[in-house]
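Engineer: Dock the two chains into a complex; use the hints.
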Amino acid sequence: MLSGLVAWLDPLARGAGGGGWIQVADLPSVPADGTPVRVSVVTARTDAWTREAAVPVGVVYLRRTGPSEVVALHSVCPHAGCFVDYQGDRKAFFCPCHDSTFAVDGSINDPRSPSPRPMDTLAVEVRGQAVWLRFQNFRPGIQAKVALA
Amino acid sequence: MKKLIDWIDQRTGLQGLLHEVLFERIPGGARWRYVWGSTLSFCFFVQIVTGVVLWMAYSPSAHSAWESVYYIQHEMTGGWFLRGLHHFVAQAMHVLLVLHLLQVIIDGAYKAPREVNYWFGIVLLMLTLGLGLTGYLLPWDQKGFGATKVATSLMGIVPVIGPSLQKLVVGGSDYGHHTLTRFFALHAGVLPGLMIAAIAAHVALFRRHGITAKQPYRKPEARFWPDQVLMDGVACLAVLATVVYLTVRHHGAELHAPADPTQPFNAARPEWYFLFLFEFLKLDFLTQWFGHHGELVGAIIIPGLVMGVLAAMPILGNWRLGHRFNLGFLGAILVGAVLLTVQSLRSDAGNPGFQAAVAQAHAEADRMVTLIRAAGGIPRDGAASLLKQDPATVGPRLFAQHCASCHRYGGHDGLGVVSAEAPSAPDLRGFGSAGWLRGLLQADTITNSAYYGGTKFRTGKMVRYVREKLPKLQASEPGALESMIAAVVAEADLPADRAGAGDRAGTVEAGRRHVATTFGCTDCHAFRKPDEEATAPTLTGWASRDWMVRLVGDPTHADFYGARNDRMPSYLKEGRLSERDIGLIVDWIRGDTDPARWLQAPVATKPSSSGVAGARP
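In the order they appear, the protein sequences are chains A and B.
Under our numbering, the first residue of the first sequence carries the number 1, and numbering increases by one thereafter.
Under our numbering, the first residue of the second sequence carries the number 150, and numbering increases by one thereafter.
The set of hints was computed from the structure by calculation and includes no laboratory data.
One should not assume that every hint holds.
To be verified - Straight-line alpha carbon distances no greater than 25 Å define the calculated SDA-like cross-link-like pairs of lysine to any residue that follow:
hint, chain 1, residue 1, chain 2, residue 2
1, B, K431, A, F94
2, A, K145, B, H511
3, B, K722, A, F94
4, B, K431, B, G499
5, B, K621, B, L590
6, B, K722, A, P28
7, A, K145, B, Q437
8, A, K145, B, L445
9, B, K621, B, N597
10, B, K537, A, V126
11, B, K605, B, A712
12, A, K91, B, P718
13, B, K431, A, D105
14, B, K368, B, V170
15, A, K145, B, H442
16, A, K91, A, A48
17, A, K91, B, V543
18, A, K145, B, V309
19, B, K678, B, D695
20, A, K91, B, V170
21, B, K610, B, R677
22, B, K678, B, A712
23, B, K605, A, P31
Unchecked claim - Cβ-to-Cβ under 7 Å is the rule here; a few derived chain A residues that face chain B:
hint, residue
24, P11
25, A13
26, A16
27, P28
28, S29
29, G81
30, F83
31, C97
32, H98
33, D99
34, A103
35, P116
36, F138
37, G141
All C-beta atoms, glycine included, are put in the ideal place defined by N, C-alpha and C.
Just chain B, same shape as in the assembly (with noise of 0.2 Å):
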């Protein structure tokens, strides 16, 4: 063994070199304020380790990107826990990198013969930033894609270069393969390249001059070799201890669904390293001192201007106050960002649109992994193909843009939007179930706001049957309402209602006597035969996917209201809407969502027996 270290000794100085590094004279005693450094590059190294095999798995490309993070994610063995170590160190290099500044600002590390040093720690900090901001885009999920889009119209307002300046960084005026191509190769080659080199020259300047050790000496000087290896050795730990507690908490990194710029994003909100920018864009000052101009002020002349104190500070800290106005400085940054972000995470949790904006990007992403696994994989046209032509995605959002400005959905707009204003037309969620009838057909809650309260039927012929005549009958004759309830019910065939239909045959037969005769529904309705004097819609078919689709087509057809409709446009008719996409949202509310009924490829066997699948929260 001797030999063989003499041999490689020989050939390389590496003991010599080892020596220099293990003892490094420290005066004063090893501390636990100079550990910053150490942790820095723990997490540097880390994140090259799962960068580059997250490489082995990504494929920048807009068609394929997302679907390659997805299989990252959700299929590769221990893949949601690489790209989840990735993502959570990246964040606590950003905490790590104020905790180092910090300490070389109250140190005073920073003044000369230091300063060389110094900048090439300012130029990492920006390094790193800027790896953050690159790495956000790159699984082109709905977060990154709104985030970049930001980021890069805020590169295009810099004065005269910024529109060219964008344009070579998206690679053309549209977002597409080459953002991806570009933004990869910048943040897994020329960035980390960058870096390398400027931790080597960082390192090599501080071992050229040394420690700058904390006044007053507690101890004795020592070597860094054992105790302050010791003590970076814990920090370095407690750290990864913190990042893989995060990972596995959190199930790794979060994955949206697909970009789709063509789809409002309201959950859209920067890295919460970044919080703080975004907020500041969004205070009064901005547009009351500056105008127009508040944004090129906010987002690229503030911020360049405290970038070059904090590079300033070298020189400056020569003045006799510089000091203290250093310190004064960062102090008054590290406060105000920390401010902002509370502010901004506080208006947000206050905020219920943009929670039902947050809760409505999580449903949306656990409905695309549902619809993957249905499919068996992702077909060739990427996975948001998939989401067009799923009813609970589409559903929902055709109904806020077209039906909620009249009806809601469980009191909401169907992406969990609450309005202040009352609804006009009933609620339908629950449409076709008895539930919902039974609420109908009560005194009570037949004019709620959730039934026939915002339109004119209130004071209608249905209403005073309700009323005057319903109570009556079903006084005298006890379960009948619940069977003709049945009956009707029967006919809406809701998927959530076919497990128990057989055993119900013969309450509904019975039911469908008690429509024509014991209530008399069918002096105004038909009821499973023809009825040309019949004056409200027909209940044949009551709530079917067929009555509905035509219902929403042309509620001013005879079948239905006729000339009694009330304010609803007729959709297909008036050319509204698509009979496939009022198809989406009658699938929607009947809750006919089960993507084997329209996936073409057949149903998927179980997710491979990886173990990932089965791990999802």
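Isolated chain A, as found in the complex (with noise of 0.2 Å):
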């Protein structure tokens, strides 16, 4: 019974791993006018018994704020976890599941958008020509943003 039981509690024992600086793209492949661009975070991952050197663990857009400075935003609602897809012609965010919407920077733009806080940013840096940030995810459904441990 105890065996069991401890055995099912290991979830517990394991952090979410990763937090290490990621590179995620080239700069010039994001538009320099300020429209986000949707890119994979790809890393080495171990799922239970598999390792996998490269494999995507999330998806981010990033979005040009100046010549060299670059803001990632996470591509998971901060409501409820759908994936948030960049609308082109409202140029704007919207979550296809409980119709939250983001302005292109990620905040709230609309009062009855259901989200309780903007859109989850990342930490980015630009080195030289590439694009890399550190990948986290965060608890969905709360104002504040915590990040998944």
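Structural biologist: Right under this line is the structure:
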């Protein structure tokens, strides 16, 4: 009984891992006009028994805010965890699940938007012509931006 | 025979048990309103049988779950029917549970001394919902994956224990093998086990207290056998007939494309019996009244309170107006749930973006089957690896992301989404075909938004030529224009045009002369020989794969627009897209999507003669 419980609780003993710097894109691939571009964050990951050298662990939107300044917005909706889509014709982010909407900079642009907080930003560094970021996931559904441990 | 029955009876008491079951007293006689419990038991039995057989073919891991369900659905003899039954019986159970609950509340069958029995019923309701929720993920397709992400995220907002609970259910911080193994253990082991125990208790207590007969009695007291047994049997058959009808009509349960967390899935919706909850979370009052706690209130607290009231009904029912309150409360919840479900369905039906996403999801699911058949099976890297190499799948996605802010494809963005904004570059559907070129060479269409309308070329030389010179040239030599078009289109060599290419050789030959002489195209364009003085894009290899890949890579190259390029980025030169990605877009636009071209595995012979393969609609 106890041995079963201990093994069942195993996930609690494991951290989320990650948090290291990952190269996600070349600077020129991020449009200079500030239009967000969707890129996959590809890195090594271990899923239980499978070790994969390069696998997408998440998706971010990169947006140019200056000649060599880039902002990264997490694609997971802070409301309930769906995939937020960028809609070019509306120049806004839109979540297909519960209709959360966000401005192009990730802020909430409609008071009726059910999301409790703006889209989550990630730490970005531009090193030469390469865009690097620290990838994390955050808890949806609450106002505070708390990284998943 | 008699001897055998006696032998068994002496050792098991079977006859006594059977007697007790069949000769249960029913005051007021058999009635249709008593059938719901039996139909539910029947459904559960069907689920166990179909579930165990599905289990024999299912493989719970992130690398094999979708693939094994694909095999059940598309290859295994009768697999689609088995899976369809399991899927639709699950849905029937939710409907029957509501009817059963309604009957119990209306008839007051939850009152003393039947409280405990009623609570077992509530437990069974929750177990059924849990089975629906866990079963939805197991195919590991886009739809189940998306819905489970939301469901587990909602679990995570429970105060204090939420995050740990979510981690335990998901089997880690991220979705993967252990999400499936845990969900499968719940779905096929823990929940059905609890369900069997709860059903046993529920039925035993029902036998102990007897049926709550509906007053006034219409007929004299009867026994369970034969009239009620007949009614229950007819009801079970009606349920089975409905389920079989739905299964055949929909060709079993849908299987979407494999889960791909890197692609937005805008067709994400929960199963229909959770739609009311989904729609409830969209209601404005949650954010207006509770601010950023809206979700906690909407997804956890209010449903928790409703469940609490439901469980407390036997106690509430003791008050003078308690029974009426219970009736009113349940009625209000059901009407509310129906209204929310209708609202959700209606708002989706009136949302072209959602409809386009659903159509796209269906197309991707069908494409997946085509690719697997063409490859002769699923490669070791999984089914998703086939989709990632497929121009018909990846091409439109890349087009929507990188091209559709200026171009269109048949009026939409490649994925079916129609923008309100006018396009600022040509529509590329059919680019390279005679039809497309004819439209470009017509005075009244060349400045349409589908051609040069949104570009700076609308006032350029080509438009002036088409409007002023071309009609005269065309009139002087009838038929020349068509053969000139045939000659230019022959450069594109679109797969769709290859069939009759031999028959057109003569026309093309004549057309090539017209390009240079009759129409004077070569005054500006190069055609089939180098031309240093050309000022417009080369027509040599026009719209061929190589021509298009080079143009997208760098439209400012002298072979194309040079310095006259109008806003088109140099995708390869500027590092915006790789050559491979450009090739995928180009192959898709050119309709060059036959998987045999890029599949390394030998093209498969036709799928086995199981009959299932050919029966797909």
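Engineer: If a hint holds in the structure, say so; if it does not, say that too.
Structural biologist: Quick rundown of the hints versus the structure:
Under the criterion of a C-alpha separation no larger than 25 Å, the hint pairing K431(B) with F94(A) is consistent with the structure, at around 14 Å. Between K145(A) and H511(B) the CA atoms are separated by roughly 36 Å; this puts the pair beyond 25 Å, and the hint is violated. Distance hint between K722(B) and F94(A) is unfulfilled; the C-alpha atoms sit about 31 Å from each other, more than 25 Å. With a C-alpha separation of about 16 Å, the suggested pair K431(B) and G499(B) falls inside the 25 Å cut-off, and the hint holds.
The suggested pairing of K621(B) with L590(B) holds, with an alpha-carbon distance near 13 Å, which does not exceed 25 Å. With a C-alpha separation of about 10 Å, the suggested pairing of K722(B) with P28(A) holds against the 25 Å cut-off. Between K145(A) and Q437(B), the direct Cα distance comes to roughly 21 Å. Compliance with the 25 Å bound is thereby established for this hinted pair. Between K145(A) and L445(B) the alpha-carbon distance is near 16 Å, which keeps this suggested pair within the 25 Å criterion.
Between the alpha carbons of K621(B) and N597(B) the distance comes to roughly 22 Å, so the proposed pair stays at or under 25 Å and holds. Note on K537(B) and V126(A): the hinted pairing is violated, with a Cα-Cα distance of about 28 Å set against a maximum of 25 Å. For the proposed pair K605(B) and A712(B), the alpha carbon gap of about 13 Å is at most 25 Å, so the pair holds. Between K91(A) and P718(B), the direct Cα distance comes to roughly 19 Å. Compliance with the 25 Å bound is thereby established for this hinted pair.
In summary, the hint linking K431(B) to D105(A) is supported, as the alpha carbons are separated by about 23 Å, within the 25 Å threshold. Taken as a hint, the K368(B) and V170(B) pair is honoured in the structure, with Cα atoms around 21 Å apart against an allowance of 25 Å. Note on K145(A) and H442(B): the hinted pairing holds, with a Cα-Cα distance of about 14 Å set against a maximum of 25 Å. Of the supplied pair hints, the one linking K91(A) and A48(A) is violated, its CA atoms being roughly 39 Å apart against a limit of 25 Å.
Of the supplied pair hints, the one linking K91(A) and V543(B) holds, its CA atoms being roughly 23 Å apart against a limit of 25 Å. This hinted pair checks out: K145(A) and V309(B) have alpha carbons roughly 16 Å apart, not beyond 25 Å. Restraint check for K678(B) and D695(B): satisfied, since their Cα atoms lie roughly 16 Å apart, inside the 25 Å limit. Between K91(A) and V170(B), the direct Cα distance comes to roughly 67 Å. Violation of the 25 Å bound is thereby established for this hinted pair.
About 22 Å separates the Cα atoms of K610(B) and R677(B), which keeps this hinted pair within 25 Å; it holds. Restraint check: the Cα-Cα separation between K678(B) and A712(B) comes to about 22 Å, which is no more than 25 Å; the hinted pair holds. In summary, the hint linking K605(B) to P31(A) is supported, as the alpha carbons are separated by about 21 Å, within the 25 Å threshold. The beta carbon of P11(A) comes within 5 Å of a beta carbon in chain B, closer than 7 Å, and the hint placing it at the interface holds.
The beta carbon of A13(A) is not positioned within 7 Å of any beta carbon in chain B (closest approach about 10 Å), and the interface hint is therefore violated. Hint status for A16(A): holds, given a least beta-carbon distance of 4 Å to chain B, under 7 Å. Using the Cβ-Cβ criterion of 7 Å, the hint placing P28(A) at the interface with chain B is satisfied: the shortest such distance is roughly 4 Å. The closest approach between the C-beta of S29(A) and any C-beta of chain B is roughly 5 Å, which is under the 7 Å cut-off, so the hint is satisfied.
With its C-beta approaching chain B no nearer than about 3 Å, G81(A) sits inside the 7 Å limit, and its interface hint holds. Look at F83(A): its Cβ gets to within about 4 Å of chain B, closer than 7 Å, so that hint holds up. The interface hint given for C97(A) holds, since its Cβ lies 6 Å from the closest Cβ of chain B, which is under the 7 Å cut-off. About 5 Å separates the beta-carbon of H98(A) from the nearest beta-carbon of chain B, less than 7 Å, and the hint is met.
Below 7 Å, beta-carbon pairs count as interface contacts, and D99(A) has one with chain B at about 6 Å; its hint therefore holds. Annotation: interface hint on A103(A) violated; nearest CB of chain B at approximately 17 Å, more than 7 Å. The beta carbon of P116(A) comes within 3 Å of a beta carbon in chain B, closer than 7 Å, and the hint placing it at the interface holds. Hint status for F138(A) relative to chain B: violated, with the closest Cβ pair at about 10 Å, above 7 Å.
For the restraint placing G141(A) at the interface with chain B, the shortest Cβ-Cβ distance is roughly 4 Å, inside the 7 Å limit, so the hint holds.
The structure fails hints 2, 3, 10, 16, 20, 25, 34, 36 (numbered hints given earlier, in ascending order).
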